[in-house]
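Number of protein chains: 2
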Amino acid sequence: MPANESTRSINASAVTVNGRQYRWPNRPTIVICFDGCDNQYLAAASEAGVIPSIETMRENGFATTALAAMPTFTNPNNVSIVCGVPPLVHGVSGNYYIDSATGREVMMLDATPMRAPTILASFADAGARVAAITAKDKLRKALSKDLKGTAFSAEKAASCTEAENGISGVTEMVGRPAPDQYSGDLSLFVLDAGVHLLKAGRCDLMYLSLSDYIQHRYAPRAPEALEFMAEVDVRIGQLTASGAVVGVVADHGMSDMANDDGTPNVLYVGEALDAAFGAQAARVICPITDPFVRHHGALGGFVRVYINQGGPSAGEVAARLRDVPGVAMALVREEACRLFEMPADREGDVAVIAKKGVALGARSKDHDLSQLAGERLRSHGGLAEQSVPFLLSHPVELPGRENRSLRNFDIFDFALNRVEA
Amino acid sequence: MPANESTRSINASAVTVNGRQYRWPNRPTIVICFDGCDNQYLAAASEAGVIPSIETMRENGFATTALAAMPTFTNPNNVSIVCGVPPLVHGVSGNYYIDSATGREVMMLDATPMRAPTILASFADAGARVAAITAKDKLRKALSKDLKGTAFSAEKAASCTEAENGISGVTEMVGRPAPDQYSGDLSLFVLDAGVHLLKAGRCDLMYLSLSDYIQHRYAPRAPEALEFMAEVDVRIGQLTASGAVVGVVADHGMSDMANDDGTPNVLYVGEALDAAFGAQAARVICPITDPFVRHHGALGGFVRVYINQGGPSAGEVAARLRDVPGVAMALVREEACRLFEMPADREGDVAVIAKKGVALGARSKDHDLSQLAGERLRSHGGLAEQSVPFLLSHPVELPGRENRSLRNFDIFDFALNRVEA
Numbered sequence: 041m042p043a044n045e046s047t048r049s050i051n052a053s054a055v056t057v058n059g060r061q062y063r064w065p066n067r068p069t070i071v072i073c074f075d076g077c078d079n080q081y082l083a084a085a086s087e088a089g090v091i092p093s094i095e096t097m098r099e100n101g102f103a104t105t106a107l108a109a110m111p112t113f114t115n116p117n118n119v120s121i122v123c124g125v126p127p128l129v130h131g132v133s134g135n136y137y138i139d140s141a142t143g144r145e146v147m148m149l150d151a152t153p154m155r156a157p158t159i160l161a162s163f164a165d166a167g168a169r170v171a172a173i174t175a176k177d178k179l180r181k182a183l184s185k186d187l188k189g190t191a192f193s194a195e196k197a198a199s200c201t202e203a204e205n206g207i208s209g210v211t212e213m214v215g216r217p218a219p220d221q222y223s224g225d226l227s228l229f230v231l232d233a234g235v236h237l238l239k240a241g242r243c244d245l246m247y248l249s250l251s252d253y254i255q256h257r258y259a260p261r262a263p264e265a266l267e268f269m270a271e272v273d274v275r276i277g278q279l280t281a282s283g284a285v286v287g288v289v290a291d292h293g294m295s296d297m298a299n300d301d302g303t304p305n306v307l308y309v310g311e312a313l314d315a316a317f318g319a320q321a322a323r324v325i326c327p328i329t330d331p332f333v334r335h336h337g338a339l340g341g342f343v344r345v346y347i348n349q350g351g352p353s354a355g356e357v358a359a360r361l362r363d364v365p366g367v368a369m370a371l372v373r374e375e376a377c378r379l380f381e382m383p384a385d386r387e388g389d390v391a392v393i394a395k396k397g398v399a400l401g402a403r404s405k406d407h408d409l410s411q412l413a414g415e416r417l418r419s420h421g422g423l424a425e426q427s428v429p430f431l432l433s434h435p436v437e438l439p440g441r442e443n444r445s446l447r448n449f450d451i452f453d454f455a456l457n458r459v460e461a
Numbered sequence: 041m042p043a044n045e046s047t048r049s050i051n052a053s054a055v056t057v058n059g060r061q062y063r064w065p066n067r068p069t070i071v072i073c074f075d076g077c078d079n080q081y082l083a084a085a086s087e088a089g090v091i092p093s094i095e096t097m098r099e100n101g102f103a104t105t106a107l108a109a110m111p112t113f114t115n116p117n118n119v120s121i122v123c124g125v126p127p128l129v130h131g132v133s134g135n136y137y138i139d140s141a142t143g144r145e146v147m148m149l150d151a152t153p154m155r156a157p158t159i160l161a162s163f164a165d166a167g168a169r170v171a172a173i174t175a176k177d178k179l180r181k182a183l184s185k186d187l188k189g190t191a192f193s194a195e196k197a198a199s200c201t202e203a204e205n206g207i208s209g210v211t212e213m214v215g216r217p218a219p220d221q222y223s224g225d226l227s228l229f230v231l232d233a234g235v236h237l238l239k240a241g242r243c244d245l246m247y248l249s250l251s252d253y254i255q256h257r258y259a260p261r262a263p264e265a266l267e268f269m270a271e272v273d274v275r276i277g278q279l280t281a282s283g284a285v286v287g288v289v290a291d292h293g294m295s296d297m298a299n300d301d302g303t304p305n306v307l308y309v310g311e312a313l314d315a316a317f318g319a320q321a322a323r324v325i326c327p328i329t330d331p332f333v334r335h336h337g338a339l340g341g342f343v344r345v346y347i348n349q350g351g352p353s354a355g356e357v358a359a360r361l362r363d364v365p366g367v368a369m370a371l372v373r374e375e376a377c378r379l380f381e382m383p384a385d386r387e388g389d390v391a392v393i394a395k396k397g398v399a400l401g402a403r404s405k406d407h408d409l410s411q412l413a414g415e416r417l418r419s420h421g422g423l424a425e426q427s428v429p430f431l432l433s434h435p436v437e438l439p440g441r442e443n444r445s446l447r448n449f450d451i452f453d454f455a456l457n458r459v460e461a
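First to last, the protein sequences are chains A and B.
Numbering of the first sequence is given in the numbering used here, commencing with residue 41 and proceeding in unit increments.
Numbering of the second sequence is given in the numbering used here, commencing with residue 41 and proceeding in unit increments.
Bound-form chain A, shown alone:
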């Protein structure tokens, strides 16, 4: 706890959020959500020798693999990480969902669907200086729910205001204009901004959330991917060099979902349902859908089926889909929610999970594959993308064998509670 700041009132030596207690940070503590950083990107970059700072974390700190929240999309996992709990508790189980009250399809654009407080806001309420920096602005709006602190996105870095973001002059601080939203620089800008805030002594607790643009476009050994990993690593090195506690997790992995000939390996679940039950039987919602579909065409490893009135039962739909090649699991709502700790009121009648390497879509007319521009489809959403890196800059105290599998949303617990003092 900083002692020389008489203007701040520190109200707590620990903060309890969503049933978990977090110790007050005794030095700056930073969690990075390395969007789409499949273990394979770390492996390839490590082999290429381009991530020395991450190697140092592995050697001197703590490195393992953890499970992301299901479905393995960006919003559910970022919200899980900042809340420290799975979607069951905070309510966000997709980037795109059906509002059960109105029946309308809704894009998640802000914190509206969140129904749990964040670790960030709770520490800020207790007097900590907290910052959240995201790649895209809609995620900033969600993660800064009730946050009395600094929160901005690389996307909108040029237009930050004290009133809206708790900061202004971000592009001046970082020293370059806001990056293109379709670029690896979107992530690097987030990290650079974090380095500047840290150097300025402005943060006790910081959350940095990157973009998976590079991982969607490039395989782990591609020069573009290795270059991106190297650039990220430089910034991670700057953060760890300061003595801050740095935790790194990913929101999801990333899988190649293309055929040998390079075309996307897509199973259109809506068309399978049309063939089995007739064209008006059901709607298929792709919860990966977001306003930035250029790199994945709204195709991923997990979709939701909503059965129309007069349609077949959920059990019938699940049984039929289960027999379709490319489907790993088709589960009725209750089963899916129990198995994956998802909120029932945000779930479809049937949840469908692809086998590794298969992308699920609604109907071909719903997906503009030209957006892939001839590149191999790489995406996420299913169980194949649930294992993600979990790294800390410092060694951790492990209280013997854990009873439960480690989750990516345990990262704040590790960074705040388990790093050796």
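Since the hints were made in silico from the structure, they are not lab data.
Worth double-checking, as some hints may not be accurate.
Put simply, identical chains are the same to the list, so a pair is met inside one copy or across any two.
[Claimed, not checked] Calculated pairs, SDA-like style, for lysine to any residue (alpha carbon to alpha carbon, straight line, at most 25 Å):
| # | residue 1 | residue 2 |
| --- | --- | --- |
| 1 | Lys196 | Asp186 |
| 2 | Lys396 | Arg373 |
| 3 | Lys396 | Pro352 |
| 4 | Lys396 | Leu379 |
| 5 | Lys396 | Ala315 |
| 6 | Lys396 | Ser353 |
| 7 | Lys396 | Glu437 |
| 8 | Lys396 | Ala321 |
| 9 | Lys396 | Gly351 |
| 10 | Lys239 | Asp296 |
| 11 | Lys405 | Arg323 |
| 12 | Lys396 | Gly59 |
| 13 | Lys396 | Asp363 |
| 14 | Lys396 | Ala413 |
| 15 | Lys396 | Glu374 |
| 16 | Lys178 | Arg144 |
| 17 | Lys405 | Leu446 |
| 18 | Lys405 | Glu87 |
| 19 | Lys188 | Arg155 |
| 20 | Lys181 | Asp385 |
With the hints as your guide, set chain B onto chain A.
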């Protein structure tokens, strides 16, 4: 805590086992593992109106659904329940496994593979009177690990001794000879013995573990299944009527795995591997295997692949198996263990999980289907059998929304800690 027994020393008001604290039972507390009691058996019996005591538990107590431990077999789940933790911690992840030290295939016949203490033994050490009654004797040997109390099986009820079982004269107490091990009466005998021990005031804490012989043979609406449910219900009624706290869970569900023509719907994983990689490439272990295969032919929803020296990589095997129809998931060891909290040293190189309705086997020569005697194959082991009933005779205090899905091995926590005093 009984006050009138000066010969017993009670050392604790709570006991901590495997990282969880359990309150001392202030009245007799009984946990029943209703082997193979899929939710469908409860639903069918409820519809038929033959389980009034269970209905009363639902109305006056607590009823929900929980997740079993993976793989959904008898030994891993019974051990998880009495230890209060998943296989990751206690080490038992099959009825049949490969000893990683010797490479030999081993049938689990006693507590040898268990590496965690049980709730039962820990309470007994602290002065509680504890009893464990199982259907089969090999499970009794496992569950009574280090237990200073009463432990016997219906199978060997006729030969109980004070030295080995902490009790003798069991068949006299129950009033009938030890039942046939291929019968529903094997389970009813367990329950009857429990009722007698309870009436005799011999128990503070009791664990009753049934057999799934009936569920393997009969579908939920079959008269034989309904009759069995009714008979079990009568005994549950006798236990609850005493005022004891009674918790009921299952170790796994049960699925039909037959084709329309009644033949078993079997995928021989070993033959698929022979075709893909050659006959000496890998061994397939069916962890459902036990000495009592008459009702399932050692076929279930989960098998392990051990790759021989010079064989393909685990990644190659998993990728190939994933493409086989009938396979829901094929995971390399680390992935499987992370996802399902299983111990890595007891896992195959690749873990294979069937789609619902599909049975996995090794090679056809390894399975004697004549043991099914022409009946439809019903079995378990995969994710389709992971959802099980979770019932308590008394209302429970729920501390707000839980962060994690309920597990069947949370039943002692609920029965001891959460029932309203």
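Please write out, lowest number first, the hints stated earlier that are contradicted by the structure. 7, 10, 12, 17 and 18
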